[in-house]
Every structure is written in structure tokens, then in C-alpha cells.
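Number of protein chains: 2
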Amino acid sequence: MARTASLSGFPEWLPEERLVELHVLDTLRRTFELHGFSSIETRAVETVGQLLRKGEIDKEVYGLSRLQDDDGTPGSDTGKTDPHALALHFDLTVPFARYVVENAGYLAFPFRRYQIQKVWRGERPQEGRAREFTQADIDVVGDGDLPFRYDVEIALVIAEALNALPIPDFLLRINNRKLAEGFYTGIGLTDTAGVLRSIDKLEKIGPAKVAELLRSELGATEDQAQAALKLAGIRTPDTSFVEQVRALGVSNDLLEEGLNELEQVIAAAVQRAPGRVVADLSIARGLDYYTGTVVETILVGHEQLGSICSGGRYDALASKGNRKFPGVGLSIGVTRLVSRILSQNLASASRSVPTAVLVALNSDDSWGAAQDVAAALRSRGISTEVAAKAEKFGKQIKFADRRGIPFVWFTDDDGKHQVKDIRTGEQHDADPADWTPAEEDLRVHVTTN
Amino acid sequence: MARTASLSGFPEWLPEERLVELHVLDTLRRTFELHGFSSIETRAVETVGQLLRKGEIDKEVYGLSRLQDDDGTPGSDTGKTDPHALALHFDLTVPFARYVVENAGYLAFPFRRYQIQKVWRGERPQEGRAREFTQADIDVVGDGDLPFRYDVEIALVIAEALNALPIPDFLLRINNRKLAEGFYTGIGLTDTAGVLRSIDKLEKIGPAKVAELLRSELGATEDQAQAALKLAGIRTPDTSFVEQVRALGVSNDLLEEGLNELEQVIAAAVQRAPGRVVADLSIARGLDYYTGTVVETILVGHEQLGSICSGGRYDALASKGNRKFPGVGLSIGVTRLVSRILSQNLASASRSVPTAVLVALNSDDSWGAAQDVAAALRSRGISTEVAAKAEKFGKQIKFADRRGIPFVWFTDDDGKHQVKDIRTGEQHDADPADWTPAEEDLRVHVTTN
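So the sequence lines, in the order shown, correspond to chains A and B.
Number 207 in the UniProt record's numbering belongs to position 207 of the first sequence; there are no gaps in the numbering.
Number 369 in the UniProt record's numbering belongs to position 369 of the second sequence; there are no gaps in the numbering.
Be aware that a few hints might be false.
Quick partial rundown of chain A residues pointing at chain B, CB under 10 angstroms, derived from the structure [to be verified]:
hint, residue
1, E33
2, A44
3, L51
4, R113
5, V353
6, T355
7, I382
8, A433
9, D434
10, A438
Since the hints were derived computationally from the structure, they do not count as laboratory data.
Since we're looking at a predicted model, the values are computed, not measured.
Where a beta carbon is used, it is the ideal one built from N, C-alpha and C, also for glycine.
Kindly produce the complete structure, drawing on both the sequences and the hints.
Below is the structure:
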């Protein structure tokens with residue numbers, strides 16, 4: 001990345017950088033569709049009431065108001081917020097839950113969808129954290145119930161999707177809220193949400209300070225605090241975490257259910273995505289709508305970037321009267337990944353433009369004939385542009401070179417065609433009706449460096 | 001469309017409707033890339049100062065403010081607008097001009113880009129007019145100058161792109177501001193922008209009222225008003241408009257330049273996009289940054305929908321000190337088109353999900369084996385999902401039917417594979433390593449009804 005964003009937190013890419021992003025987006029889409037996920041988009045805008053239903057994150061939300069409308073400002077003088085005011089969505093899960101409830105009568109459940117869109121958060125920008133960024137989500141939502149198997153499947157699909165991207169090794173760190181909450185209840189800590197919030201700070205503030213928090217804010221004894229920390233310290237690449245948890249000697253039904261669920265996810269991943277998944281009992285996830293499986297993902301060697309893919313099971317996010325729509329999903333931070341790929345030059349595009357061929361102009365009158373050549377090439381999927389002016393051939397070749405176009409096409413006054421590979425200088429006769437470049441030159445390719 | 005948007009002016013599609021939209025977006029992208037246009041995206045957010053630089057449209061802009069930030073509201077009590085405040089872009093041309101100026105050092109000119117993004121306008125929603133909608137733009141921008149030939153090319157590329165969409169006949173109505181302004185000057189009307197604004201109302205209020213406007217607001221004589229209306233009445237499918245304009249007996253250099261330019265566009269279109277283009281001298285375009293070619297596009301039989309593709313030449317939108325970046329571009333109203341396709345059922349998807357095959361479960365223990373089958377099919381590009389529960393086969397088939405999945409795969413306890421086309425009931429042996437559905441079932445197709 002040669003440039004910095006002209007508005008902090010709102011990154012924009014140059015055309016050759018955008019090709020890398022497009023490759024990431026296309027790869028995710030292809031993987032998701034291969035697994036039967038339907039594309040949907042939700043509007044960028046939700047009501048403030050809808051967005052803040054789950055609390056916690058109101059500080060990050062951008063409200064909307066019509067510039068010339070004196071009354072419609074969401075943050076009005078009274079300091080109160082009108083729940084009907086409009087605001088930009090800060091993730092894709094909350095809008096998706098709203099969409100499912102609104103359209104339940106038109107969807108076939110379990111409903112599997114992917115959603116790739118921009119989201120906005122008014123946070124202080126820093127590396128890996130933008131104010132406008134793209135997320136790529138997959139979720140499966142059931143009507144009434146949703147088999148646990150989808151928790152396993154979602155993790156496997158995401159591992160396959162990430163694996164297809166031009167990124168370094170990644171690791172899904174998976175935990176289960178039932179396991180954690182059952183354990184805390186089993187040792188006598190009843191404010192399980194509070195314990196989770198403290199444990200969530202483990203990587204930032206360390207175990208000593210977390211223990212202090214547990215004692216001072218949640219009334220935990222030293223033994224309780226140490227037991228909670230011991231649980232959070234368990235991390236295994238296989239299902240051996242089950243034995244390690246049992247060795248802590250805590251007995252609770254919810255804990256057993258959580259152990260069983262997490263064991264299923266890890267067992268399947270060991271077999272189907274070896275080396276990509278660990279059971280990590282320190283994972284808590286800040287957002288309070290998760291009720292079972294929770295996932296964060298690190299890019300190995302880029303841990304300070306934060307999680308590149310997060311999510312989990314939410315059994316109570318969406319409901320319509322008594323009808324519940326439990327779901328499970330994961331969200332890839334596309335902008336975070338692409339920013340890192342570009343800033344560290346991890347991958348790049350084989351050329352900077354889609355164009356494979358520039359049709360040169362012999363004279364200004366030959367523009368029509370040149371368009372005929374271009375149309376013939378395009379009919380076989382060859383991206384082609386026609387020069388706008390009949391400059392000297394050297395200048396037209398230089399133009400192609402500057403744009404990153406590999407081939408220049410010449411047609412002389414007698415209608416004889418030749419094509420030149422301007423990288424090698426090689427030039428030979430060619431017929432617009434059948435010439436095709438080599439596969440690696442036909443389309444732009446993105447490869448890891 | 002079975003549903004109405006839950007927030008007026010913010011349309012959302014059901015999954016099978018989204019497939020139609022995706023087809024439109026994919027088709028446009030493919031056409032643009034075949035013509036060598038690079039993809040870029042600009043941030044959704046611009047500063048108010050940047051957006052309002054050209055005036056006129058401030059009423060339609062959505063300002064942004066952080067919900068918990070008391071000071072940052074763009075429409076503050078003073079009634080004035082802070083030019084550094086943030087707002088959502090209302091089109092893609094103004095942000096593109098800003099992007100070109102900021103990144104001029106990194107772009108190869110003439111720079112050709114396509115940009116497909118959402119834009120927002122706080123207008124009163126009505127048929128064909130949403131508050132959040134997708135535009136698909138192509139533009140070519142030069143450094144210092146831009147050959148007129150790009151005006152011709154842009155019109156041809158757009159005609160090809162629209163032609164590839166599942167929509168009824170369309171007609172590009174093309175005019176040239178130089179022609180109109182030169183003519184007005186030639187007959188002694190010096191406030192040419194004012195005349196254009198009046199002529200722009202022709203379809204809405206009719207010629208008598210436009211004549212009245214010209215007389216009362218622009219001080220035109222009856223003869224001048226009638227001459228301006230005569231010009232606006234010229235509409236030819238070929239270059240014969242040149243003779244008709246000349247017959248009005250007005251002489252002016254700018255008029256000659258405009259006649260020559262429009263003649264070039266129409267002559268090329270007659271040859272390369274026959275029946276798709278007319279010279280229509282009533283086209284004015286409201287926005288004041290156009291300086292030459294101007295285009296609007298009607299969908300034949302759906303004229304009341306308004307223009308589905310508009311734009312033109314702008315020589316002075318982007319500049320950096322003395323350096324000018326003239327451009328020409330056209331913008332397709334994707335949401336307007338897709339809304340119409342869906343509401344009138346003009347086209348539809350061959351099925352409602354990407355999935356071609358559901359792998360049924362023989363028993364709950366067979367999930368792993370079913371995943372192996374699915375992986376084998378996916379490796380050949382066949383979208384496949386695995387049932388989550390080993391329900392009775394009838395129930396699993398019903399599930400596939402409800403989702404719109406054409407094939408169900410069965411593997412018995414001996415490992416024998418069969419695949420059933422649930423539309424015909426036909427079932428036969430199949431090998432996961434080489435079975436492939438017919439081309440029309442492999443992927444979702446969108447066709448006109």
C-alpha cells in the first residue's frame with residue numbers, strides 16, 4: 001500500500017489492490033455457494049431500536065439524519081435516542097436476524113445464507129480496525145430448533161473458505177459457552193456473564209488481574225478465581241480437553257452438554273480440517289447473544305491483528321412471538337485480511353488491469369476495424385480495449401506497458417493481423433477469429449508471494 | 001415480489017430474487033471487464049463539503065453522526081452544515097472524481113474504471129426511486145485531455161451491457177450540451193443553464209408551459225422560446241438530426257462542435273448498436289457538471305420508470321491545481337432495473353438455491369461418509385449440502401423439494417450410491433468421483449420469462 005486513506009478509518013484500494021480484494025471475495029463466494037449457501041443482502045440501515053436491542057455497543061453506531069432536516073437528528077439535544085431513527089449496521093448478524101423474522105414465511109428452514117457487505121463502526125481507527133469495512137458471513141438458522149451438527153459444519157466450511165485464500169496459516173480457536181457457564185455455576189459463580197466478561201480480558205490484562213477482577217467485582221473466592229483461570233488455560237489441538245476439564249472435578253449438567261458439543265466440533269475438525277482448529281477454553285466473545293459454540297480465529301504470525309473470523313451459536317437472537325429462530329454463524333473480517341495481505345505484500349495480482357489485449361490504431365480511420373477485432377476477441381472471453389488515438393506504435397505500446405496490458409494487436413492497411421507480447425517482444429501473425437492467449441494471461445490471477 | 005420493504009425506500013430481496021440481482025451484477029461486471037474497465041470501490045462516506053461542491057442536491061443527502069457524540073451531528077442547531085462532517089454519497093461520479101484527484105500519481109491515464117456500489121438519497125420513496133440503491137458506473141478519465149472517442153465507446157459498452165441483461169428493449173437517448181448551449185447562444189439566449197433547466201421539464205409540464213417559463217424567467221421572446229422548443233423536438237434514429245438542426249438556420253461555433261460530436265456518437269451507434277440509440281435533442285440532464293454528451297435511457301414499454309442509465313461528459317468535475325481530469329461515464333440504475341424485473345416477473349432464476357445436490361443421511365453415523373460424497377462432488381464444482389438429520393428418506397426428499405434442490409444422493413449401508421432427480425423421480429446408480437448433472441442443472445440460470 002503506497003497511500004494512506006484520505007479519511008482515517010475509511011480505506012480505499014488502488015485498482016491493482018482491488019484485484020486482490022476481488023479475488024478474496026470471489027473465492028469466498030464460490031466456497032459458500034458450493035456448500036449451498038444463498039446470497040442475501042440487507043439494507044445498510046436499521047432502526048436504532050433494532051441495533052441497540054442487545055445493548056453494549058451503542059457508542060460505535062453511526063446515526064443518520066437528512067442534512068436539511070432539523071428534526072431528524074438521532075442524537076438530539078435531549079441526549080435521548082429515538083428508537084425509530086436510522087443508523088448504519090455495525091455487523092451482519094443483527095440485520096440477518098431481523099431479516100429472518102420479517103421473511104420467515106418465505107424462507108425454507110434450516111435457512112443457509114452468506115452475506116458479504118460493508119459495515120460501519122465509529123471506533124478509533126487503528127491497524128486492523130477500520131470504521132468502514134467488509135464482512136463475509138455465513139449462518140444457518142432454524143425454525144424452532146437447529147441441529148447441533150450445523151455448528152460442526154459451519155466451522156468446516158469456514159476452514160475450507162479461509163484455506164482457499166492467499167493468506168498465511170490460520171487457527172480457529174473454539175470454545176463453548178455452555179461448557180464455561182456450566183463450569184462457573186458448578187464452582188458456585190452465578191454471574192456467569194460477568195465471569196465471561198472478565199475472562200475475555202485474559203489476553204489483554206493477564207491472569208493476575210483477571211483473578212483480581214473476579215474477586216473484587218464478582219465476589220469470587222481465591223479458589224473460585226483460580227478454578228476459572230485453570231479452565232481458561234486449557235487448550236488442546238484434539239479432544240483431550242475433555243479429560244483435562246474432567247480432572248478439575250466440577251460436575252454440572254450444562255458443563256456436560258458443552259463438553260459434548262465442543263468434543264463433536266473438535267473431533268470432526270481433527271479429521272476434516274487437520275491443524276486448523278484448537279479447543280481453546282479461554283475464548284469468551286464479548287457480544288452477549290452467543291449461547292453455545294464460540295469461535296475466534298488468528299492468523300499465525302499475525303496474532304496482534306486480532307481475530308480474522310469470529311462468531312458462534314445464538315439460540316435467542318431472533319424470535320417472533322413464541323417462535324424462535326436459533327442460528328449459528330461465522331463472520332470473516334475481509335477488510336482486515338485484505339489490509340494485511342496488501343500492507344505485507346503477502347499476495348498480488350498477475351497484472352494491474354483486466355485487459356489482456358490493446359488493439360493499436362493504424363490510422364484514426366481504422367477505429368471501426370479495430371473495434372471489430374476487439375469484438376471478435378471479447379467473444380472468446382479475452383478482455384480487450386482499443387486505442388483512442390492513432391499515435392506512433394511506440395507510444396501505443398508504451399501506453400499498454402504503463403497500463404500493464406501484456407499484448408498489443410496490430411492490423412496493417414492490407415488487413416494483416418499481428419499480435420505482440422510486449423513483455424518478450426515476440427510478435428507473430430494472428431487471426432482475430434481464433435487467437436487466444438495462454439491460460440495464465442487470459443485472466444488476472446492472484447497468487448501468494 | 002411478495003413482500004413490501006419493512007422500511008420504505010430500503011428494498012431487500014428474498015434469496016431467489018437476489019439470484020436475479022446477482023445475475024445482473026455478474027453480467028455487468030463481465031461486460032465491463034471484457035472492455036478493460038478496472039473495478040474500484042470508494043468509501044460510502046464523503047465529507048459534506050465534497051458532496052455539496054456542486055450544490056443543487058443537498059436536500060437528498062444523509063449526514064452521519066456517532067450516536068453518543070453530542071457535538072458531531074452534521075445538521076446542528078445553528079442550521080449550518082460543517083463541511084468536514086461526514087455524509088453518505090448520493091452517486092458514484094462525485095466520489096470517483098475525488099478518488100482520481102487523490103490517487104492521480106498511482107493511476108495510468110486514460111483511466112477506465114467500473115464501480116458497482118450502493119448509494120443513498122433521502123428522497124420520498126416511490127416506484128423506481130429508493131433511498132438506498134445500487135448503481136453500476138463506467139467512466140473513463142483523462143489527465144489534461146480525453147479524446148472524444150471515449151464518448152462513443154462508453155455509449156457502445158453500455159449498450160452491450162444492457163443488451164446482455166434480462167430486460168425488455170431499451171433506448172439510449174443522446175444529446176450534447178455544446179449543441180444545445182451553442183444553439184441558445186446563437187439565438188441570443190445567454191443564460192444557457194437556465195434554458196437547459198427549463199427544457200429539462202419538457203416531459204413533465206409540456207411545451208406550452210416550458211415556453212412560458214422561457215419567456216417569464218429567462219426573458220426569451222416568443223420567437224426564441226419557439227426556436228428552443230423546435231430544437232428540443234428533434235429526435236432521429238440516425239444522423240439526420242444534423243440537417244434538421246441546420247434547417248433552423250442558427251449559426252454558432254459551439255453548436256457546430258456539438259453537432260459534430262453527437263453525429264460521431266450516433267453514426268457509430270447506428271452501425272454497432274442498431275436500434276438502441278436515438279439522437280434526442282430534448283435531453284438536458286439536471287446535474288450541472290456535464291459539458292458535452294448527455295445520455296438518458298428508457299426501458300421501452302416502461303417509460304414511466306424514468307431513466308435506467310444516465311450520464312455524460314464532464315470536463316471540469318475533477319481538478320488538482322491547474323491539472324484537469326476530464327471524464328465521460330454512464331451509470332446504470334441496478335436497483336431500479338431489478339425492482340422492475342422482479343415486480344413484473346420479467347425474468348427468474350432456474351432454482352431458488354445454489355445447491356444442486358442434497359446428500360441424504362442413511363443413519364446419524366453416516367454424516368462423515370456423506371461429507372466425503374459432498375466433498376467429491378464439490379471438487380467438480382457441484383454445489384452440495386448434507387442433510388443434518390437421518391430422517392426418513394421421504395422427509396429428506398421433501399426437504400430438498402422445499403429448498404428447490406433438484407437432486408438427492410443416497411448411499412446405502414454397503415456403500416452403493418444412487419442419485420435421484422426429484423423432479424422426474426428418476427433414480428440411478430452414480431459414482432461420487434465422476435457423476436455430474438446436466439449443464440442446465442449444474443448452476444443457477446436466470447432467464448427472461
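Hint check results:
{"no.": "1", "hint": "E33", "result": "4 angstroms, holds"}
{"no.": "2", "hint": "A44", "result": "6 angstroms, holds"}
{"no.": "3", "hint": "L51", "result": "9 angstroms, holds"}
{"no.": "4", "hint": "R113", "result": "7 angstroms, holds"}
{"no.": "5", "hint": "V353", "result": "5 angstroms, holds"}
{"no.": "6", "hint": "T355", "result": "4 angstroms, holds"}
{"no.": "7", "hint": "I382", "result": "8 angstroms, holds"}
{"no.": "8", "hint": "A433", "result": "17 angstroms, violated"}
{"no.": "9", "hint": "D434", "result": "18 angstroms, violated"}
{"no.": "10", "hint": "A438", "result": "18 angstroms, violated"}
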